[in-house]
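Undergrad: Go by the hints and put chain B onto chain A.
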Amino acid sequence: MRPGLAGDILNLTYEHLVLVFSAMAIAIAIGVPAGILLTRRARWRTPVLGVANILQTIPSLALFGFLIPLPLIGGIGPRTAIVALVVYALLPIVRNTLAGILGVDAAVRESAVAMGMTASQIFRQVELPLAARTILAGIRVATVATVGTATIAAAIGGGGLGVFIFRGVASVDTVQILAGAVPAALIALISDGGLGWIERKFAA
Amino acid sequence: MLRFANVCYRDVLQGLDFEVGEGRTLVLLGRSGSGKTTALKMVNALLMPTSGQVFVEGRATTEWNPIELRRRIGYVIQETGLFPHFTVTRNVAVVPSLNGWPPDRIERRVNELLERVGLAPKEYAQRYPRQLSGGQRQRVGVARALAADPPILLFDEPFGALDPVTRHEVRREFTALARDLGKTTLFVTHDVREAMELGDEIGLLANGRLVELLPANQFPNARSEEARAFLACLRDD
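Chains A and B supply the protein sequences, listed in that same order.
The letter at position 5 of the first sequence is residue 180 when you use the numbering used here, and the numbering goes up by one with no holes.
The letter at position 131 of the second sequence is residue 1196 when you use the numbering used here, and the numbering goes up by one with no holes.
In short, the hints are calculated from the structure, not lab data.
Fair warning: this is a prediction, and the values are worked out from it, not measured in the lab.
For every residue, glycine included, the Cβ atom is placed at its ideal position computed from N, Cα and C.
Any given hint could turn out to be false.
Computed far set for chain A versus chain B, every beta-carbon distance over 10 Å [claimed, not checked]:
hint: 1; residue: 182
hint: 2; residue: 190
hint: 3; residue: 214
hint: 4; residue: 254
hint: 5; residue: 274
hint: 6; residue: 319
hint: 7; residue: 361
hint: 8; residue: 365
Label pairs and their in silico Cβ distance ranges [unchecked claim]:
hint: 9; chain 1: B; residue 1: 1169; chain 2: A; residue 2: 204; range: 38 to 44 Å
hint: 10; chain 1: B; residue 1: 1122; chain 2: A; residue 2: 220; range: 37 to 43 Å
hint: 11; chain 1: B; residue 1: 1276; chain 2: A; residue 2: 304; range: 41 to 47 Å
With the rest of the complex left out, here is chain A (with noise of 0.2 Å):
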């Protein structure tokens, strides 16, 4: 082991679940809503889903590249990342949390209606648990995705794990992948298992 690889290992893997935790906080504060919007909103469904497909097939090294160039959003470091790690995660987010809601059983939903519980009870107490456990599956796929993608942020200054993937790879250095991609692995899996575990919470 090199001296102060261990530090380093410390430091970037930090610097990793801060890019993760925020853009999957701005993410689900953006997705969550917007799908609970488009189950009220038909007309919509197809334009704005239509648009998170399209930004999901931009390959994520030329998103990074895209958005450096734009104001406010764009430049070199982390807050560009975490724009671009938001773009790719909304996808999987607002899709699960429409499915879930238009998945509740119209039956169910019906006798809501007909035992006189309002437009907001049927939402609280009807609507979003049922559809708790598809929502937080959404929540799971694209966090364990953001995890892999962050790796890139590195590429245009970001941080993370990245930093040693791209610095092992340009200098043919195995030893320096593996410091960014064996940690960078476990975060995914523990953030699956983890996120996982809640969403059997929600099958009962």
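TA: Showing chain B alone in chain A's frame:
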């Protein structure tokens, strides 16, 4: 108590006129697509008439606040529409909770109702709907409809999904319960036997029109073509 005055709904219902007296049970009998479920949904304002009026307790459904109206009407549907994420207790407690009853009163009421529909609270109160048989779910559905002691009950083919034996049992218990409670009831079915067993009156619907409206015990004497078609399946059984 409950009155339809020349009610039309798009091309589904064409001028329905009938009345359900206080504490009486009227069964709307008809084939699939005859408009009976549509008629039922007019009562709790799930649908509004395109012309004519439905009067509940003397007031047109268009004049009622729909939320207030629905909390005075118990509603039981075929798949019962129980909330899959609520226990039996919470399912039965829905309307009392919405009405802001204190917890101890809700608990007493839930236990009383579960006993009443033949589900021992100790054994069933904490179960989820998927842990019950079809017949048990239907009983919970009835208990839920009765929870806030509404003056009016609506049933939309509640026993349709049950096997014949369970169906017979639940129906017999329900008949006894209904007689005890004396609620004003509108009951929808396509089963002529069920109609004659449960109804004080039978209204026979065909293509959105009421072709017969008569006391249940006189239904075998009905002469219309549609009534004869229904009576024929009684003989074939």
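Undergrad: All hints, please: hold or fail.
TA: Now for the hints, and whether the structure bears them out:
| no. | hint | verdict |
| --- | --- | --- |
| 1 | 182 | holds (48 Å) |
| 2 | 190 | holds (40 Å) |
| 3 | 214 | holds (18 Å) |
| 4 | 254 | holds (40 Å) |
| 5 | 274 | holds (17 Å) |
| 6 | 319 | holds (26 Å) |
| 7 | 361 | holds (34 Å) |
| 8 | 365 | holds (28 Å) |
| 9 | 1169(B) / 204(A): 38 to 44 Å | holds (40 Å) |
| 10 | 1122(B) / 220(A): 37 to 43 Å | holds (41 Å) |
| 11 | 1276(B) / 304(A): 41 to 47 Å | holds (45 Å) |
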